[in-house]
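Engineer: Residues per chain, in single letters:
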Amino acid sequence: MILKMAAVRRMMKLYGLGFHAIRQQTSLRASRVPQQRAFHVNGAQRQQPFDSSVEKPQFPGASAEFVDQLEFIKPNVISGIPIYRVMDRQGQIIRPTEDPQLSKDTVLNFYQKMTLLNTMDRILYESQRQGRISFYMTNYGEEGTHIGSAAALNPNDLVFGQYREAGVLMFRGFPLDLFMAQCYANADDLGKGRQMPVHYGSRDLNFVTISSPLATQLPQAAGAAYALKRENSNRAVICYFGEGAASEGDAHAGFNFAATLECPLIFFCRNNGYAISTPTNEQYRGDGIAARGPGYGMMSIRVDGNDVFAVYNATKEARRRAVAENQPFLIEAMTYRIGHHSTSDDSSAYRSVDEVNYWDKQDHPISRLRHYMTAHGWWGEDEERAWRKQSRKLVMEAFERAERRLKPHPDLMFTDVYEEMNPGLQKQKESMWRHIQQYKEHYPLDLYDK
Amino acid sequence: YAVIHRNSCPSVKASLGAATHFFQPIRSPLTSVSLVTFGVTLLKLFPSCTFKPKTQKRHAAHFTFHPDPVPTKYGSTMKMNLFQSVTSALDNTLSSDPTAVIFGEDVAFGGVFRCTVGLRDKYGKDRVFNTPLCEQGIVGFGIGAAVGGATAIAEIQFADYIFPAFDQIVNEAAKYRYRSGNLYDCGNLTIRAPWGCVGHGSLYHSQSPEAFFAHCPGIKVVVPRGPIQAKGLLLSCIADRNPCIFFEPKILYRAAVEQVPTEPYLIPLSQAEVLQEGSDLTVVAWGTQVHVMREVAAMAQEKLGVSCEVIDLQTILPWDIETVCKSVVKTGRLLISHEAPVTGGFAAEISSTVQEECFLNLEAPITRVCGYDTPFPHIFEPFYIPDKWKCFDAVKRMINY
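For the protein sequence lines, the chains are A and B, in the order given.
Mapping the first sequence onto UniProt numbering, position 388 (from 1) lands on 388, and the numbers just tick up by one.
Mapping the second sequence onto UniProt numbering, position 72 (from 1) lands on 72, and the numbers just tick up by one.
One or more hints might be untrue.
As the list claims (entries may be wrong) - In silico DSSO-like links for lysine-lysine, alpha-carbon gap of 27 Å or less:
{"hint": "1", "chain 1": "B", "residue 1": "Lys396", "chain 2": "A", "residue 2": "Lys440"}
{"hint": "2", "chain 1": "B", "residue 1": "Lys330", "chain 2": "B", "residue 2": "Lys396"}
{"hint": "3", "chain 1": "A", "residue 1": "Lys450", "chain 2": "A", "residue 2": "Lys104"}
{"hint": "4", "chain 1": "A", "residue 1": "Lys429", "chain 2": "A", "residue 2": "Lys450"}
{"hint": "5", "chain 1": "B", "residue 1": "Lys79", "chain 2": "B", "residue 2": "Lys122"}
{"hint": "6", "chain 1": "A", "residue 1": "Lys104", "chain 2": "A", "residue 2": "Lys393"}
{"hint": "7", "chain 1": "A", "residue 1": "Lys427", "chain 2": "A", "residue 2": "Lys450"}
{"hint": "8", "chain 1": "B", "residue 1": "Lys396", "chain 2": "A", "residue 2": "Lys429"}
{"hint": "9", "chain 1": "B", "residue 1": "Lys396", "chain 2": "B", "residue 2": "Lys303"}
{"hint": "10", "chain 1": "A", "residue 1": "Lys427", "chain 2": "B", "residue 2": "Lys396"}
{"hint": "11", "chain 1": "A", "residue 1": "Lys440", "chain 2": "B", "residue 2": "Lys303"}
{"hint": "12", "chain 1": "A", "residue 1": "Lys429", "chain 2": "A", "residue 2": "Lys440"}
These are computed hints drawn from the structure, not numbers from a lab.
With the hints as extra help, turn the sequences into a complete structure.
Structural biologist: Dropping the structure here:
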C-alpha cells in the first residue's frame, strides 16, 4: 500500500501535480457506485492514522516524503498543460475516438445557436452605438465555449455566469425577445429594468441572474453545488468566469471551498486573453488557470475553447464525474475575445489589429464548426444564405418589438429590496409619487408602464 | 466589469473641448468595423426601425456643471476636464516624488477613464503599472508599499468595486498607526476611485459609498466637485500623512472643464468651501450634487426669493463641522443632499451634529434629499436621483414650515 502510494506520488511529482492519492481512491470508490451520492462531513476519513513508528513526515498538513537535497519546485515543471482538442482548425476530427458523434440535428443546432448569438451581438452592439440601448458586451470569438459547455449539461444544472455567457442562456432556450427586453430594460425584462444590459437571468432555465462584480459567483457556486449535493438531486452546478476574475480573492475562496467541501461543480474559465486591457502575462505568472487546480486538489483540464466539440467532451465528462464523485472540476477553455471588452472600450488602444484579425479570420469557433459541417455535407452556401436571412429577421423582429415596448412601472424601483415592502420604503415611494404628480413635466413618465 | 465610460454620454462628449487629443477614437480599425457596418446595414434594411426609440432620456444630464473662476494664485493654467486634472496631479507627483507609484486595473494603458494616460511612457512601467484583477490585492499592496516607504497611489476601477478591499481599508489602513502606537503607518497611501451616478450605470457603476468609510476613524474621505478641486485635493491627499480615499465623480470626468493650474497646489482637507453666501437656508452637498444644489439655489432665489448659502463639504471625513454650523446659525435652515441612500447616509451624520450644535437656531427641520433606500436602479434612475426638482421642493417646504 505504502509502495503503491509512493509510486503514485512520484508520478504526481513528475507531472508537477499535487493530487492527493487518497482523493484518487475516494474517487474510485465513488465511481463504483455512481448513483449513490454519499454525503460526507469532510475531513475525518481523509486523515491518515497517526503512527509515530514510521520514519515519515507526520505533519497534518501534507502527505509526502522527506528529501535530503535542497531543491525548489519550479513553477512550470512541464512545458505547459496541454490543450485538448477534437478538431483541428479546418474542422477535421483529429482522433476518431474523440469525435462526440453528435447527430446532424444536434450539430446544426450548435451552429445555429452560435451564429444567432453572433447576429444578436451585432445588432445590439450597433443599437448601443446609435444610443438605443445604454451598453452592450459582445461574445465574439467565444461562442464555442458557450455552446459546447451548455450542450454538455443537463437542463436542470444550475448556471452561475459572469457576464459574457449569453450563448449558454440562448442554448437553453432563452428567447430573443427576453434578451432584447433585458437590454432595453423594458416592461418584459425579467429583471424589471434594474440592471445594465447583458445582466440576464432566468429562473425557468436555471440561470442565476448576472451581477457585475467579478468572481463573486465562484464561492456562491460552491455553496449552491453543496446544497444540490445534499438534495441528492443528480444536479451539478457550472460556474463561468474569466482569467481576470480568477485573480480575485473570491476565486480562491470558491476553488478552495468547492474542493474541501466536495461540491459537484464545474469551474469553467474562459481564458480569452484580456481582462479589459490587461493581458494574461500581467494577470498571472503560472501556467494559466488550469495549473491552479492541482494546488486546490481539483481535477483540471485545458481545452481549445474554439473547438466546440472539445469543450463539449470536457464538460460532459466533468459533469458526469462531478455528480458521480462529488468533486469539483476545473476547465480552462482557451479562447480569444475578438470584440472590445464592452461598448465603453476601444481595444485598439492596447492590442493590434493583426492579432484580432488572426482570431477572427483564422481560428474562429464558428468557422471551424462550419468546416466540419461542410465536410459532412450537412451545410452549404444555400443553407448558409437562408439561415443568415432567417436569423437576421428573427433578431430584427425581436429588436423592433423590444424597442417599441414601454419601460417597467416606476413602482418596481421599490419592490424586491426586501421580500416585503417595509413602512419606510412605502413612505419613500408615496413621497416620490406625490413629487412626480406635482412636477410631472420634468419626468419621462410617458416612457413607462402606467 | 462592465465598464462604462467613453462615449457613454454624448452630451458630455460634446463638451470635451481640448480633451479630444487624450481620447481614443471610438470606432477602431478593428474587425468590428465590418461588424458595425453589418449592424448599420441591417438597421437600414428595416426602415421601421428608424422610429424614435423608447429609451430613457439618458443624454439629458440632471445637472449643469458650474465652472469655478480661473484661479490666479497658482500660476499658469490650462483648460482641463476632470480626468485630465487628475492626470496632471499624478504627473506632478511622479515628477517630484521618486518613490511615487501608481497602480490598479488597466492603469498602464491610461485607465478605463483615461486618468493615467501617458504616465507609463513618461515615468516607466515600474512606476505606473497594471495589477492583477483583485481589489483587496490592490489596496493591500498599496498599504505595504506605503509601509515600505513608497508613495502609493492605488486605483480601484469603480467605487462600486471597492468592497473586496473593505477589510484592507477598514481593518488595516485605518488602524495601522493606532495599533502600532505610531511605530508604523500607511499615511502615504491614496486610493482613487470613480464614484457616483452616470446616467445609466445601474447597480454596480453608480454607487456613492462614502458613508461606509465615514464610519471608519483613521482614514480620510474626499470628493471633489470639479477639475480645479480635483487636482488640489488629490495632491493634498497624496501629501497627507494619513491614508485617504479620493472619490472622483465619474460623470464629471469629461463634462467638467475648467482652467486648471499646471503647477502643483494644495487645497486643504477637512475644509468645506462656501460657494455662495446666503441668508435663508444652507445647502450642503459634495461632488456632482454641488452643481445640482447651485442650480437649486438659483431657482430658489428666482422663484421664491430665497437666499441660499451653498457649501461644498469636499472632505467627508473628518468633516468641517465649523463651517457648516456657522452657516446654519446664520440661516436657521439646513438642506443636505447626496445620491447615496438616505438611511445611514452621510447626511444623517451632518444632520445629527448640526441638530446638537445649532438646535436653538433652527427654523425648520433639517432636511435630507437623497437616494431612496433601494439599490441604484438602471431604468428608474431619473426617478431615483435627488434631482433639482426634489431639492427645490424641499427648499419650498422648509421655507413654508
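Engineer: With reference to the structure, classify each hint as holding or not holding.
Structural biologist: Checked hints:
1. B:Lys396 with A:Lys440: 17 Å, holds
2. B:Lys330 with B:Lys396: Distance ~18 Å between Lys330 of chain B and Lys396 of chain B Cα, so the pair holds.
3. A:Lys450 with A:Lys104: 48 Å, violated
4. A:Lys429 with A:Lys450: Roughly 15 Å separates the two Cα atoms, so the pair holds.
5. B:Lys79 with B:Lys122: Satisfied, since the Cα-Cα distance of roughly 21 Å is no more than 27 Å.
6. A:Lys104 with A:Lys393: Holds, at roughly 24 Å.
7. A:Lys427 with A:Lys450: 20 Å, holds
8. B:Lys396 with A:Lys429: 20 Å, holds
9. B:Lys396 with B:Lys303: 10 Å, holds
10. A:Lys427 with B:Lys396: 20 Å, holds
11. A:Lys440 with B:Lys303: Measuring from Cα to Cα gives roughly 18 Å; hence the hint holds.
12. A:Lys429 with A:Lys440: Given that 27 Å is the threshold and the Cα spacing comes to 15 Å, the pair holds.
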